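Q: Each chain is listed here by its residues.
Number of protein chains: 2
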Amino acid sequence: MEKVFIFGHKSPDTDSITSSLVMENLERKMGNPDAKAYRLGKLNKETEFVLNYFKIQAPELLENIEEKEKVILVDHNSFAQSVNGIEKADILKVIDHHCISNFETATPLYYMAEPVGCTATILYEIYMMNKFEIEPNIAALMTSAIISDTLLFKSPTCTKKDIEAATELAKIANIDIENYGMEMLKAGTDLSDFSAEELINLDSKELEANGLKFQVAQVNTACIEDVLKDKEAIEKAMTDFINANNLGLFMFAITDIINSNSKAIVLGERASIVEKAFNGKLEDNMIFLPGVVSRKKQIVPVIKENA
Amino acid sequence: MEKVFIFGHKSPDTDSITSSLVMENLERKMGNPDAKAYRLGKLNKETEFVLNYFKIQAPELLENIEEKEKVILVDHNSFAQSVNGIEKADILKVIDHHCISNFETATPLYYMAEPVGCTATILYEIYMMNKFEIEPNIAALMTSAIISDTLLFKSPTCTKKDIEAATELAKIANIDIENYGMEMLKAGTDLSDFSAEELINLDSKELEANGLKFQVAQVNTACIEDVLKDKEAIEKAMTDFINANNLGLFMFAITDIINSNSKAIVLGERASIVEKAFNGKLEDNMIFLPGVVSRKKQIVPVIKENA
Numbered sequence: 005m006e007k008v009f010i011f012g013h014k015s016p017d018t019d020s021i022t023s024s025l026v027m028e029n030l031e032r033k034m035g036n037p038d039a040k041a042y043r044l045g046k047l048n049k050e051t052e053f054v055l056n057y058f059k060i061q062a063p064e065l066l067e068n069i070e071e072k073e074k075v076i077l078v079d080h081n082s083f084a085q086s087v088n089g090i091e092k093a094d095i096l097k098v099i100d101h102h103c104i105s106n107f108e109t110a111t112p113l114y115y116m117a118e119p120v121g122c123t124a125t126i127l128y129e130i131y132m133m134n135k136f137e138i139e140p141n142i143a144a145l146m147t148s149a150i151i152s153d154t155l156l157f158k159s160p161t162c163t164k165k166d167i168e169a170a171t172e173l174a175k176i177a178n179i180d181i182e183n184y185g186m187e188m189l190k191a192g193t194d195l196s197d198f199s200a201e202e203l204i205n206l207d208s209k210e211l212e213a214n215g216l217k218f219q220v221a222q223v224n225t226a227c228i229e230d231v232l233k234d235k236e237a238i239e240k241a242m243t244d245f246i247n248a249n250n251l252g253l254f255m256f257a258i259t260d261i262i263n264s265n266s267k268a269i270v271l272g273e274r275a276s277i278v279e280k281a282f283n284g285k286l287e288d289n290m291i292f293l294p295g296v297v298s299r300k301k302q303i304v305p306v307i308k309e310n311a
Numbered sequence: 005m006e007k008v009f010i011f012g013h014k015s016p017d018t019d020s021i022t023s024s025l026v027m028e029n030l031e032r033k034m035g036n037p038d039a040k041a042y043r044l045g046k047l048n049k050e051t052e053f054v055l056n057y058f059k060i061q062a063p064e065l066l067e068n069i070e071e072k073e074k075v076i077l078v079d080h081n082s083f084a085q086s087v088n089g090i091e092k093a094d095i096l097k098v099i100d101h102h103c104i105s106n107f108e109t110a111t112p113l114y115y116m117a118e119p120v121g122c123t124a125t126i127l128y129e130i131y132m133m134n135k136f137e138i139e140p141n142i143a144a145l146m147t148s149a150i151i152s153d154t155l156l157f158k159s160p161t162c163t164k165k166d167i168e169a170a171t172e173l174a175k176i177a178n179i180d181i182e183n184y185g186m187e188m189l190k191a192g193t194d195l196s197d198f199s200a201e202e203l204i205n206l207d208s209k210e211l212e213a214n215g216l217k218f219q220v221a222q223v224n225t226a227c228i229e230d231v232l233k234d235k236e237a238i239e240k241a242m243t244d245f246i247n248a249n250n251l252g253l254f255m256f257a258i259t260d261i262i263n264s265n266s267k268a269i270v271l272g273e274r275a276s277i278v279e280k281a282f283n284g285k286l287e288d289n290m291i292f293l294p295g296v297v298s299r300k301k302q303i304v305p306v307i308k309e310n311a
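Order-wise, the sequence lines are chains A and B.
Counted the way our numbering counts, the first sequence spans residues 5 to 311.
Counted the way our numbering counts, the second sequence spans residues 5 to 311.
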């Protein structure tokens with residue numbers, strides 16, 4: 005059997021890391037022992053908490069991929085967010101819950117996407133479809149991913165299917181969703197170790213619309229003002245990033261997971277797009293976004309519409 | 005409930021028409037009574053035979069789609085092969101078995117694709133997954149689509165899943181696959197009624213690779229020489245089409261479904277790509293392709309590689 009590389013997006017979050025590990029488990033059950041999970045970057049604090057909690061080893065780092073290597077993408081499809089060299093790889097499968105963009109294959113493939121809150125919810129369905137047993141450790145990874153992506157079911161991206169899957173999986177993993185979930189989300193909000201440059205790269209997506217190259221990064225916190233103590237350094241890191249990558253716009257959203265609001269720092273020549281998109285004014289390069297917690301559902305689409 | 009339009013590709017073949025009707029049935033079982041099957045063009049003889057045989061009404065013709073209308077695509081994803089106005093529609097679902105190209109959505113969607121020979125095989129899996137009953141008429145439509153797309157399991161695109169699905173479905177529909185299948189495929193080879201212009205449009209796909217705009221049309225026949233009686237008129241129609249659409253290459257493949265070979269008429273400034281792709285010489289604008297029956301697997305990828 006040939007080797008198959010499984011990975012999520014760059015700046016990996018909990019769903020990208022755990023879904024790679026879960027997909028490795030699924031592929032083995034399907035008779036592909038040479039499929040292996042990888043990660044495209046450093047683990048964030050939340051994911052570290054999850055892997056430590058359940059004593060699961062992190063996937064190896066993957067820097068780039070050679071031509072014709074076989075890959076399986078989870079939690080993303082955009083080449084801009086994927087591994088270096090993806091254009092020349094042989095994509096066997098995609099399991100994802102995002103819109104489809106900049107995706108192109110020469111041959112037919114297995115592609116399964118659903119408009120649900122988390123990749124793990126789709127993976128759960130694949131286990132059900134195939135009547136595969138789900139081991140407690142694997143169930144724990146999937147539960148964690150759903151809690152993470154839906155912010156404990158509070159995000160507008162959360163669907164009935166996500167809640168149902170997490171409820172079933174938590175039983176298998178013997179997890180108290182509320183208690184474990186809050187502990188896990190809070191672990192993710194510990195940003196004290198990170199430099200400004202690391203902060204803006206923790207969960208950052210490169211996007212494009214109508215010729216506009218833009219970046220939307222997001223961090224979760226229990227206290228927005230805590231993060232803003234470093235505002236000056238963050239703005240400097242964002243400006244460097246804009247210049248290095250020739251971006252029209254960089255939006256850094258700081259999301260308060262307790263009160264379900266965000267405050268964003270917005271820089272770049274086309275920063276006014278964000279004012280138009282959210283019908284507000286930037287003050288001190290910042291805008292308050294009440295009720296906004298989901299980049300995918302509440303930020304990216306409105307920026308694209310106004311680009 | 006809002007209306008949902010379900011349709012396959014332009015120049016519809018049996019899979020595109022029957023999968024639209026089957027998907028309508030599936031959506032109703034899923035509780036969406038306002039989803040309705042449409043067709044994007046004239047039925048071919050094979051599809052007419054199928055619908056007459058089982059006394060099933062053809063879907064209505066759809067010319068274009070308005071902004072924000074809700075659609076479900078079956079048997080295609082490329083906008084070039086879809087309805088006029090697709091760029092502005094709201095794509096809810098895609099069920100397909102082709103490579104992904106020129107496909108882009110603003111929001112997440114349900115996308116299910118597998119590298120199998122026929123869309124109907126994936127639809128069959130969706131019935132199984134949901135434990136929905138399959139009525140004999142619906143099973144007959146799916147069996148016909150699989151026979152059509154796999155040329156009675158002889159095409160290299162045919163997979164084990166296609167054979168398994170067709171075998172189960174033929175039982176439900178009470179069809180003798182071999183006898184019905186040959187009769188159906190032969191009905192499709194009756195090209196006597198068509199003008200040269202109609203012939204080159206019967207099952208024709210608009211494609212693009214490395215800046216090359218090209219078209220690959222295909223007809224099935226029991227006798228290649230019969231079709232070539234009209235060679236002069238076909239070449240004229242192809243040339244007109246090339247000029248009207250600014251194509252670099254037009255390949256018209258005439259496939260002998262009895263002996264599993266093809267002969268192609270190739271025109272256009274970039275016709276030599278076909279010589280390179282198949283390692284042969286065009287004589288009289290024609291090339292013989294032994295063993296070639298599948299546009300998707302044996303023609304399009306090698307043209308793209310050499311474009």
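Don't read these hints as lab results, they were simulated from the structure.
Only a predicted model underlies this, so the values are computations on that prediction, with no experimental measurement involved.
A few of these clues could be false.
Where chains are identical, the list cannot tell them apart; a pair therefore holds if satisfied intra-copy or between any two copies.
Said to hold, decoys possible - Lysine-lysine pairs mimicking DSSO-like chemistry, simulated, CA-CA at most 30 angstroms apart: (1) 92 x 165; (2) 59 x 308; (3) 46 x 190; (4) 164 x 33; (5) 175 x 72; (6) 164 x 7; (7) 135 x 240; (8) 217 x 74; (9) 92 x 235; (10) 301 x 7; (11) 233 x 74; (12) 217 x 92; (13) 92 x 300; (14) 285 x 33; (15) 285 x 165; (16) 135 x 235; (17) 280 x 92; (18) 285 x 49; (19) 308 x 7; (20) 72 x 233; (21) 165 x 135; (22) 308 x 217; (23) 59 x 235; (24) 308 x 72; (25) 175 x 308; (26) 164 x 72; (27) 164 x 92; (28) 74 x 280; (29) 7 x 33; (30) 280 x 72.
Q: With reference to the structure, classify each hint as holding or not holding.
A: Now for the hints, and whether the structure bears them out:
With identical chains, the CA atoms of residue 92 and residue 165 are at most 30 angstroms apart between copies only, with a shortest distance of 28 angstroms across copies and 35 angstroms within one. Within a single copy, residue 59 and residue 308 get their C-alpha atoms no closer than 40 angstroms, and across copies no closer than 47 angstroms, so neither meets the 30 angstroms cut-off. Proximity of residue 46 to residue 190 under the C-alpha cut-off of 30 angstroms is restricted to the intra-copy arrangement: shortest distance 19 angstroms within a copy versus 59 angstroms between copies. Taking the closest pair of Cα atoms, residue 164 and residue 33 come within 30 angstroms of each other both inside a single copy (27 angstroms) and across two copies (19 angstroms).
For the homomeric pair residue 175 and residue 72, neither the shortest alpha-carbon distance inside one copy (41 angstroms) nor that between copies (41 angstroms) is at most 30 angstroms. In this assembly of identical chains, the alpha carbons of residue 164 and residue 7 lie at most 30 angstroms apart only when taken from different copies (23 angstroms versus 36 angstroms within one copy). Taking identical chains as interchangeable, the C-alpha atoms of residue 135 and residue 240 are never at most 30 angstroms apart, the minima being 52 angstroms within one chain and 56 angstroms between chains. For a Cα distance limit of 30 angstroms, the shortest separation of residue 217 from residue 74 qualifies both inside one copy, at 29 angstroms, and across copies, at 29 angstroms.
Proximity of residue 92 to residue 235 under the C-alpha cut-off of 30 angstroms is found in neither arrangement, the shortest distances being 40 angstroms within a copy and 40 angstroms between copies. Taking the closest pair of Cα atoms, residue 301 and residue 7 come within 30 angstroms of each other only across two copies (24 angstroms); inside a single copy the shortest separation is 35 angstroms, beyond that limit. For the identical chains of this complex, residue 233 and residue 74 are neighbours neither inside a copy (45 angstroms) nor across copies (46 angstroms), given an alpha-carbon limit of 30 angstroms. For the identical chains of this complex, residue 217 and residue 92 are neighbours both inside a copy (23 angstroms) and across copies (22 angstroms), given an alpha-carbon limit of 30 angstroms.
In this assembly of identical chains, the alpha carbons of residue 92 and residue 300 lie at most 30 angstroms apart whether taken from the same copy (27 angstroms) or from different copies (20 angstroms). For a Cα distance limit of 30 angstroms, the shortest separation of residue 285 from residue 33 qualifies neither inside one copy, at 53 angstroms, nor across copies, at 48 angstroms. Taking the shortest Cα distances, residue 285 and residue 165 never come within 30 angstroms of each other, neither inside one copy (37 angstroms) nor across copies (56 angstroms). Taking the shortest alpha-carbon separations for residue 135 and residue 235, neither the intra-copy value of 50 angstroms nor the inter-copy value of 55 angstroms comes in at or below 30 angstroms.
Proximity of residue 280 and residue 92 under a CA criterion of 30 angstroms is satisfied inter-copy only: 21 angstroms between copies versus 38 angstroms inside one chain copy. Taking CA atoms no more than 30 angstroms apart as the test, residue 285 paired with residue 49 passes in neither setting, with 33 angstroms inside one copy and 62 angstroms between copies. In this assembly of identical chains, the alpha carbons of residue 308 and residue 7 lie at most 30 angstroms apart only when taken from different copies (26 angstroms versus 37 angstroms within one copy). In the homo-oligomer, the alpha carbons of residue 72 and residue 233 never lie at most 30 angstroms apart, since the shortest distance is 47 angstroms inside one protomer and 44 angstroms across protomers.
Taking the shortest alpha-carbon separations for residue 165 and residue 135, both the intra-copy value of 18 angstroms and the inter-copy value of 18 angstroms come in at or below 30 angstroms. In the homo-oligomer, the alpha carbons of residue 308 and residue 217 lie at most 30 angstroms apart both inside one protomer (10 angstroms) and across protomers (28 angstroms), since each shortest distance falls under that limit. Proximity of residue 59 and residue 235 under a CA criterion of 30 angstroms is satisfied in neither setting, with 36 angstroms inside one chain copy and 70 angstroms between copies. For a Cα distance limit of 30 angstroms, the shortest separation of residue 308 from residue 72 across copies, 16 angstroms, qualifies, whereas the shortest one inside one copy, 33 angstroms, does not.
Taking CA atoms no more than 30 angstroms apart as the test, residue 175 paired with residue 308 passes in neither setting, with 40 angstroms inside one copy and 50 angstroms between copies. Proximity of residue 164 to residue 72 under the C-alpha cut-off of 30 angstroms is restricted to the inter-copy arrangement: shortest distance 25 angstroms between copies versus 39 angstroms within a copy. Taking the shortest Cα distances, residue 164 and residue 92 sit within 30 angstroms of each other only across copies (28 angstroms), while inside one copy they are farther apart (37 angstroms). Taking the shortest Cα distances, residue 74 and residue 280 sit within 30 angstroms of each other only across copies (27 angstroms), while inside one copy they are farther apart (43 angstroms).
Taking CA atoms no more than 30 angstroms apart as the test, residue 7 paired with residue 33 passes inside one copy only; the shortest distance there is 16 angstroms, against 40 angstroms between copies. When the C-alpha separation of residue 280 and residue 72 is checked against a cutoff of 30 angstroms, the pair qualifies only between copies, where the shortest distance is 22 angstroms, while the shortest distance within a copy is 43 angstroms.
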